[in-house]
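Enquirer: Sequence:
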Amino acid sequence: MKLSKITLLSSSLILLATGCSVELSDKINTKESKSWAPIKSEVKTDPVIEAKVSKLLSSMTLEQKVAQMIQPEIRDITEEDMRKYGFGSYLNGGGAFPKNNKHSTPQDWIELAETMYQASIDDSVDGSAIPTMWGTDAVHGHNNVIGATLFPHNIGLGAANNPKLMTKIAQITATEVMVTGIDWVFAPTVATVRNDRWGRTYEGYSEDPEIVKLYASAVVKGLQGSADEDFLGDDRVISTVKHFVGDGGTQDGDDQGDNRASEHDLYKLHAQGYVSGLAAGAQSVMASFNSWNGEKIHGSHYLLTEILKEKMGFDGFVVGDWNGHGQVKGCSNESCPQAVNAGLDIFMVPTDAWKPLYENTIKQVKNNTISIARIDDAVKRILRVKFRAGLFDKPSPAKRMFSGKTALIGSDEHRKVARQAVQESLVLLKNKANLLPLSPKLNILVAGDGADNIGKQSGGWSITWQGTGNTNKDFPGGTSIYAGIEQQVSKAGGTAILSVDGSFEEKPDVAVVVFGEEPYAEGQGDIEHLYFESDNKKSLALLKQFKQQGIPVVSVFITGRPMWVNAEINASDAFVAAWLPGSEGQGIADVILANANNEIQNDFTGKLSFSWPKDAMQTEVNRFDENYDPLFPYGFGLTYGDKDILTDTLDETINIPAGSVKSDDKVSEIFQNSIKQPWSLWLYSGEKEIAVYANAHQLAELNYRTVDKLVQEDAFKISLTGSEESSNSQASGVMIKHVASTGLDLGESVSENSRLQFSVSLANRADGDVYLSTYCSTDKTCGSSVNIGSYLNKLPVSDWQTFSMDLSCFSKQGMDFSKAVIPFELSSKGKVELSIADIVITDNTEVSATVSCGTM
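Counted from 1, the sequence shown has number 640 at position 640 by my numbering; the numbering is strictly sequential.
Everything labelled a hint here was simulated from the structure, so no lab data went into it. A portion of the hints provided could be inaccurate.
Stated by the list, open to error - In silico DSSO-like pairs for lysine-lysine, Cα to Cα no more than 30 Å straight-line:
| no. | residue 1 | residue 2 |
| --- | --- | --- |
| 1 | 99 | 709 |
| 2 | 676 | 643 |
| 3 | 688 | 473 |
| 4 | 507 | 491 |
| 5 | 538 | 717 |
| 6 | 268 | 473 |
| 7 | 547 | 507 |
| 8 | 355 | 99 |
| 9 | 432 | 491 |
| 10 | 366 | 84 |
| 11 | 355 | 168 |
| 12 | 329 | 717 |
| 13 | 709 | 329 |
| 14 | 717 | 831 |
| 15 | 717 | 688 |
| 16 | 394 | 40 |
| 17 | 432 | 44 |
| 18 | 168 | 329 |
| 19 | 473 | 537 |
| 20 | 416 | 473 |
| 21 | 268 | 44 |
Turn these sequences into a full structure, and let the hints guide you.
Expert: Okay, structure coming up:
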């Protein structure tokens, strides 16, 4: 059937998939939005708590009050810092771990929680005994901890449309978080996503506020408990509805961009998760990075104070996002009275900027830039939540109900619920000739780079922030999609063979191909169009490979958003949107496989909570749009026995207008905000090497950590301590190398004008030689190095500068760019501390190179 006929059936498909009547849909479509109305929170004002807050506040010094408003990150503070300043809270960012160790045990997490808690209540230095709070991003389970249960990301849970299941998932998440002694989670995300180019699309439940509103209260109650029963009891954590407000509706889907919606639409589309989440008693709200009509939310008095606190009546606290205050006009990470005056109660300041921010805020109160009344209001809100959460009365983190009960992390019972969530999240888009469910007695070939890859199926916010640098060993107890299929097939007497590249000796009865997007998170996940694998159609080639051999193909698509995959759908006999299912991949086998008696185990029940695009540039296609014309509409999803309306003739015409993609053929990106494929980032010291997988590492004399240049963690800092006998010490450094160590042919992108260029910020002058190197072999026998120490030392300290070197300087010494194995390496034997960002190979000749062969 032609594409145009599919879209003509949109209305009937919605009815088929959802069972909703036209009358109900029309009612939803025409319903008038309420104004910003007061929220009737289930958590009522308690005079006893208010009296305690007032009494404690009256005894506090200004320094103690401001310390309650500072939230540093675990990489940037010590136990002594906590004892001296008494921070009101602290956090671990994605990819930050106790002891800077990705494989920290639950006991390591507990020990850090206990250490910081005890330091916070020690009044011997700061005179304060107010307990601190640890906040963490537990966005699809306790996702920073090895072995935790990872649920499907929100986009999949939206397709499940099961609020009761959401409450259960949230409660399990709270339990696993409590095992590690943590008090507070930065969830749920209640963004209504309107442009699927946004890199956080998968963090949204839906493009429509209906499901978002339904889920927000369900998750808040699962995390915090119900106000009239077990509110913030010993088995609950403080929840955060985020990001207030409009993060899912920015122009072009730009992360941290500008939402230009009218106030009516800001409320109707983007605020409904707050309406229900705050009514359920959420105690914290995270301010959003984005702007609203040009004004950064972190600096918006109208939205944070007049709307959220006064009109809606929110009496908890507002926490900032990662240095979000520094983006407010006139602010920096170190100073932002504008954010406090706007209504921000807690600065999230996850860098060494916390100390000047603390000191500057105190000065700004003393010179009346910030009123003491505003400070008192912020601290009252923080203390109110701490009293409500029982932090003054509960045992210390190591002695709480679940602390140390590590068997609960990734327990069978928890994984069973996650497996159910996977089953209910799957959406069947095509099932030609009722190919599914498959008999488990068949000879099944399981192919594709996602088949046996728990990291890929889990996506971003999985152990590491971007979800990269993980292997199956990093998910103990988890199950890949292939493993789930193999378990059931072998038990039933069939055969399941894993072959990532699709090769085989015996022709299979059917091929299950698992493919999709690579993991990503905010910022780095933003894209310019929805054309899947536009630069390398390797997955399509694999599907066609089977098709040409007459082998039926079942596609299992791993994705954080709807993508334009018409060609892949055409090359498939069955097509399943699996989203990002998390650690329990066997949930997919539970649905696509029949049981041993060829009976349906679990039918498809998932329905699209995001409309599916009909072309690559249909990035904004949302339910109730005036000219609504998707490929698959909101609410679509086949079940077994439904008539499949698709043939193999979907339009494959590529519709990406010239100029719509911001690219430069003369630039080869190596590190831009993050490491780019096919490169990987490594540290070495002497003979020791480690791959970078976290946002902080230490290797012998080398320290590495991510830092912010323009946005969150878009740069990295390396500190080489050298040694007393630096001339005899071995070099340490950072290198970027090809993931397969086979090298990449950069010959076509390298010309006589090409340069290796990067941004650099010196923390201090280099003490000794610093070498910039490129190599065309893993043993570094092919390539060249140039001492750039003297050039670096001419640059201003602490300012970001562009450094560039003619590639001819390397090629003349033997570097072959047709075999670029290591296109960038920076090393030294001496002391040096510098930050690096924006590593590219470019033909930009507008500015003279820092180093050219003529000056060497």
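Enquirer: Evaluate each hint against the coordinates.
Expert: Going down the list of hints, with the structure as the test:
Among the hinted pairs, residue 99 with residue 709 is consistent with the structure: their alpha-carbon atoms are about 25 Å apart, no more than 30 Å. Using a Cα cut-off of 30 Å, the hinted pair residue 676 and residue 643 is violated, with the two alpha carbons roughly 43 Å apart. For a cut-off of 30 Å, the pair hint linking residue 688 to residue 473 stands: about 21 Å separates their Cα positions. Between residue 507 and residue 491 the alpha-carbon distance is near 21 Å, which keeps this suggested pair within the 30 Å criterion.
The hinted pair formed by residue 538 and residue 717 fails the criterion: a straight-line CA distance of about 35 Å is larger than 30 Å. Our distance criterion of 30 Å between C-alpha atoms is broken by residue 268 and residue 473, whose separation comes to about 44 Å. With a CA separation close to 12 Å, the supplied pair residue 547 and residue 507 stays within the 30 Å bound. The suggested pairing of residue 355 with residue 99 holds, with an alpha-carbon distance near 22 Å, which does not exceed 30 Å.
Our distance criterion of 30 Å between C-alpha atoms is met by residue 432 and residue 491, whose separation comes to about 27 Å. Under the criterion of a C-alpha separation no larger than 30 Å, the hint pairing residue 366 with residue 84 is consistent with the structure, at around 21 Å. Between residue 355 and residue 168, the direct Cα distance comes to roughly 40 Å. Violation of the 30 Å bound is thereby established for this hinted pair. Note on residue 329 and residue 717: the hinted pairing holds, with a Cα-Cα distance of about 26 Å set against a maximum of 30 Å.
With a CA separation close to 17 Å, the supplied pair residue 709 and residue 329 stays within the 30 Å bound. Note on residue 717 and residue 831: the hinted pairing holds, with a Cα-Cα distance of about 13 Å set against a maximum of 30 Å. About 19 Å separates the Cα atoms of residue 717 and residue 688, which keeps this hinted pair within 30 Å; it holds. Restraint check for residue 394 and residue 40: satisfied, since their Cα atoms lie roughly 28 Å apart, inside the 30 Å limit.
Taken as a hint, the residue 432 and residue 44 pair is broken in the structure, with Cα atoms around 55 Å apart against an allowance of 30 Å. In summary, the hint linking residue 168 to residue 329 is not supported, as the alpha carbons are separated by about 42 Å, beyond the 30 Å threshold. Straight-line distance between C-alpha atoms of residue 473 and residue 537 comes to about 29 Å, which keeps the hinted pair within the 30 Å bound. In summary, the hint linking residue 416 to residue 473 is supported, as the alpha carbons are separated by about 20 Å, within the 30 Å threshold.
Under the criterion of a C-alpha separation no larger than 30 Å, the hint pairing residue 268 with residue 44 is consistent with the structure, at around 26 Å.
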